[in-house]
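A.B. asks: If you want the building blocks of each chain, they are given just below.
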Amino acid sequence: MKHLKATTFLIAAALAAPLAAQEAGGRLDIVVQPEPPSLMLGLVQNGPTQLVAGDIYEGLLRYGTDLKPQPLLAKSWEISEDGLTYTFKLNEGVKWHDGEDFTAEDVVFSADVFLRETHARLRASLEYVESITAPDDTTVVFQLKEPFGPFISVFETGTMPIVPKHIYEGTDFANNEMNATPIGTGPFKFEAWEKGSYIHLVKNEDYYVDGLPYLDEVYYRVIPDAAARAVAFETGEVDVLPGGSVENWDVPRLTEMDNVCSTGSGWEFFAPHAWMWLNNREGPTSDVRFRQAVMYAMDREFQRDVVWNGFGNVATGPVSSKTNFYSDDVTIYDHNPEKAEELLAEMGYDGEEIRLLPLPYGETWQRWAEAIRQNLSEVGINVSIDSTDVAGWNEKTSQWDYDMAFTYLYQYGDPALGVSRNYTADRIQKGSPWNNVEGYDNPELDEKWFDAATMISPEERQAAYDEIQKEIVDDVPVAWLLELEFPTIYRCDIKDLVTTGIGVNDGPRNAWIEQ
Amino acid sequence: MWKRFRTNIGAMVGVVLLIAVILIAIFAPLIFANTPWQMVQRPFLAPFAMESLPLGTDTLGRDVAAQLAYGARVSLLVGLVSTLVALLIGVPLGALAGFYGGYVDEGAMRFTEFFQTIPNFALAIVLVAIFEPTLASITLAIAIVSWPPVARLVRAEVMSVRKREFVDAATLAGLSKPRILVRQVLPNTVSPIIVMASLMVATAILLESSLSFLGLGDPNAMSWGYMIGAARTVIRSAWWLSFFPGIAIVITVLALNLIGEGLNDALNPHLSRKGKA
Numbered sequence: 001m002k003h004l005k006a007t008t009f010l011i012a013a014a015l016a017a018p019l020a021a022q023e024a025g026g027r028l029d030i031v032v033q034p035e036p037p038s039l040m041l042g043l044v045q046n047g048p049t050q051l052v053a054g055d056i057y058e059g060l061l062r063y064g065t066d067l068k069p070q071p072l073l074a075k076s077w078e079i080s081e082d083g084l085t086y087t088f089k090l091n092e093g094v095k096w097h098d099g100e101d102f103t104a105e106d107v108v109f110s111a112d113v114f115l116r117e118t119h120a121r122l123r124a125s126l127e128y129v130e131s132i133t134a135p136d137d138t139t140v141v142f143q144l145k146e147p148f149g150p151f152i153s154v155f156e157t158g159t160m161p162i163v164p165k166h167i168y169e170g171t172d173f174a175n176n177e178m179n180a181t182p183i184g185t186g187p188f189k190f191e192a193w194e195k196g197s198y199i200h201l202v203k204n205e206d207y208y209v210d211g212l213p214y215l216d217e218v219y220y221r222v223i224p225d226a227a228a229r230a231v232a233f234e235t236g237e238v239d240v241l242p243g244g245s246v247e248n249w250d251v252p253r254l255t256e257m258d259n260v261c262s263t264g265s266g267w268e269f270f271a272p273h274a275w276m277w278l279n280n281r282e283g284p285t286s287d288v289r290f291r292q293a294v295m296y297a298m299d300r301e302f303q304r305d306v307v308w309n310g311f312g313n314v315a316t317g318p319v320s321s322k323t324n325f326y327s328d329d330v331t332i333y334d335h336n337p338e339k340a341e342e343l344l345a346e347m348g349y350d351g352e353e354i355r356l357l358p359l360p361y362g363e364t365w366q367r368w369a370e371a372i373r374q375n376l377s378e379v380g381i382n383v384s385i386d387s388t389d390v391a392g393w394n395e396k397t398s399q400w401d402y403d404m405a406f407t408y409l410y411q412y413g414d415p416a417l418g419v420s421r422n423y424t425a426d427r428i429q430k431g432s433p434w435n436n437v438e439g440y441d442n443p444e445l446d447e448k449w450f451d452a453a454t455m456i457s458p459e460e461r462q463a464a465y466d467e468i469q470k471e472i473v474d475d476v477p478v479a480w481l482l483e484l485e486f487p488t489i490y491r492c493d494i495k496d497l498v499t500t501g502i503g504v505n506d507g508p509r510n511a512w513i514e515q
Numbered sequence: 001m002w003k004r005f006r007t008n009i010g011a012m013v014g015v016v017l018l019i020a021v022i023l024i025a026i027f028a029p030l031i032f033a034n035t036p037w038q039m040v041q042r043p044f045l046a047p048f049a050m051e052s053l054p055l056g057t058d059t060l061g062r063d064v065a066a067q068l069a070y071g072a073r074v075s076l077l078v079g080l081v082s083t084l085v086a087l088l089i090g091v092p093l094g095a096l097a098g099f100y101g102g103y104v105d106e107g108a109m110r111f112t113e114f115f116q117t118i119p120n121f122a123l124a125i126v127l128v129a130i131f132e133p134t135l136a137s138i139t140l141a142i143a144i145v146s147w148p149p150v151a152r153l154v155r156a157e158v159m160s161v162r163k164r165e166f167v168d169a170a171t172l173a174g175l176s177k178p179r180i181l182v183r184q185v186l187p188n189t190v191s192p193i194i195v196m197a198s199l200m201v202a203t204a205i206l207l208e209s210s211l212s213f214l215g216l217g218d219p220n221a222m223s224w225g226y227m228i229g230a231a232r233t234v235i236r237s238a239w240w241l242s243f244f245p246g247i248a249i250v251i252t253v254l255a256l257n258l259i260g261e262g263l264n265d266a267l268n269p270h271l272s273r274k275g276k277a
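Sequences listed follow chains S and Z, in order.
This note's numbering applies: residue 1 is where the first sequence begins, and numbers increase by one.
This note's numbering applies: residue 1 is where the second sequence begins, and numbers increase by one.
Hints are computed from structural coordinates only; laboratory data are not their basis.
Small disclaimer: the values here were computed from a predicted structure and weren't measured.
Take every hint as true, because none was put in to throw you off.
Here are a few chain S residues that face chain Z, going by a calculated C-beta distance under 10 Å:
hint, residue
1, A226
2, A371
3, R373
Where chain S lies over chain Z, by a calculated footprint (3+ residues, C-beta under 8 Å):
hint, stretch
4, 58 to 64
5, 228 to 234
Where a beta carbon is used, it is the ideal one built from N, C-alpha and C, also for glycine.
Chain S extracted, bound-state conformation (with noise of 0.2 Å):
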């Protein structure tokens, strides 16, 4: 049986040769780390979850490295004039892994019922939907109460993971038992999982466009230790390391290895953005002229170039270059140590202590925090680093105890999705380490950002947006750091790995390997 398996295999593929350059079949071992907590993405969105549920599950559109738009479940789709309407024709003879036929159903049940109930994130985007209907098997119809610019960046598959209605409706959703066992639309299906070891994840031989996957199987493998996964790449036991699975100092040994490539793309629709939160509240960084004091005490190229290994940009203000609608039109902070001084003197700085809260997250976090208590510390700022594990962390950025903490937020491509979250007024709510955080509170400013998310022309969007950004860049909510790349490694005879705005998350629909 195996046999017969294996020879039809041989004879797709010698008849598919001919037609694409793609070679069909093949292994891939990725990566994961940490284990992921869970593969039911519709209810859990950590990376790791959306680095392996991103085969499995999948969202109505997926996005290129330009945050274009383009087809996935939906084959193509429709804006009307007044940006209320948004019409989806979505892809026929789509098929769950189970073999259950997907419906238009199953998209209104995601978005309108699971999704509303466990996704907060997209929850906050669903405020601005009046309905969500499905005309016909084959069309869904999200109509808006009032125009919301980026609407169209919510169908990404972390976003809005599309998932099976037959599963999950009238059912106990954190508690289904299925979620163990993952079904989707996706390229792959969910085949075992070895806790502590790997996550075997295997070809969808029903997968609604032709061709497609090459690969016959992935396997995302768990190695806890950041030395053992550059090793386990150096033996060849795993053929790639998404973005930040090794320590920066190791990625240049690795990439100068035979037949090994590195590419910083993939990460596009993230924007991963790093700053320092500066407490508006209370004590010397509630001062705006300490907090412009941080900016320029701080070399950020020496950071960029020492401690992140090259990879990256300095950040010119609360939206990535990467993100859409990012202006360079603003004051450039750049290493100027007795600006800073200046600043410092000018408020009357008394020496008083101030805490740094560094991300735990390893040594390259570490380092960072090292390096800038120094650059401080040389303009006489006086810090001191806490120590702290991922729940401390949370803890003290959540409940405001924090003079100075680092973190990395990703943007999904639009500032008025993953932005202005961290500095309107209303979104300053204890208990969250992913809102308004610093306490930032600038009334003027918000009926900006409110304006700016519900215009419909991109142009008008992009004018709002350039004066925040020229405004907000003076005020040093907080101290923006690098636009972060994680570079993805992986040997060069694997194709097409990453060739959208998620990069490895969906990576596998397209790669292949070259024999």
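Given chain S, work out where chain Z should sit, using these hints.
C.D. replies: Frame of chain S, contents of chain Z only:
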């Protein structure tokens, strides 16, 4: 006693090494123009590549030699203070248990066993994690995990001493029990305590280094363990970052052990007569 100690070559080597480490620690700010956190040159500068930076630079371009010198301060400080605190807990407890016996002994020893059954290092990690790592909490945690052997040792010594004739004599002379314990018994248990203390300092330094290595050090204090921990990820490309602090720990711990051995021989006439030294 000093005479016997002096003739012990190993012990004298230990003393010289330890004094050298102490001097470096004390005069670190005078020897090095740079603080250990200052980024002075390009990162990963190899040792001896530049005269002003004999041991090279680390991942951020900081002076490794300066880091070593400042690290000595932390290691010695933590080693000495935690040992002192451990003695302050262990000696009275052991003395009371050994001298009074009975329920006091039972109670004290069960309490000690409670600490002894938990692996030292695991307990230290838990304590530091709970208190947040600062020099004070690390020192305290090390003291808390290292006093039980002291209590045990003192108890055993006191038990044997209190049965001697001079104690009976003191009792007959009408001295009160506490007075006998403090004046007559304890002074006769000092030599093993001193020997043990010198070895405890060494252990404490190793403990502190291990904690820092695991990232549980005081993030504002440069220590040898921190240096090795930070260098672990780059050990293949920059060996010197973990090698030098490693050597520093070896030298210091070795020196303390040699001194402890020497003291042991010097304070224990039975041993030294065998010509062991």
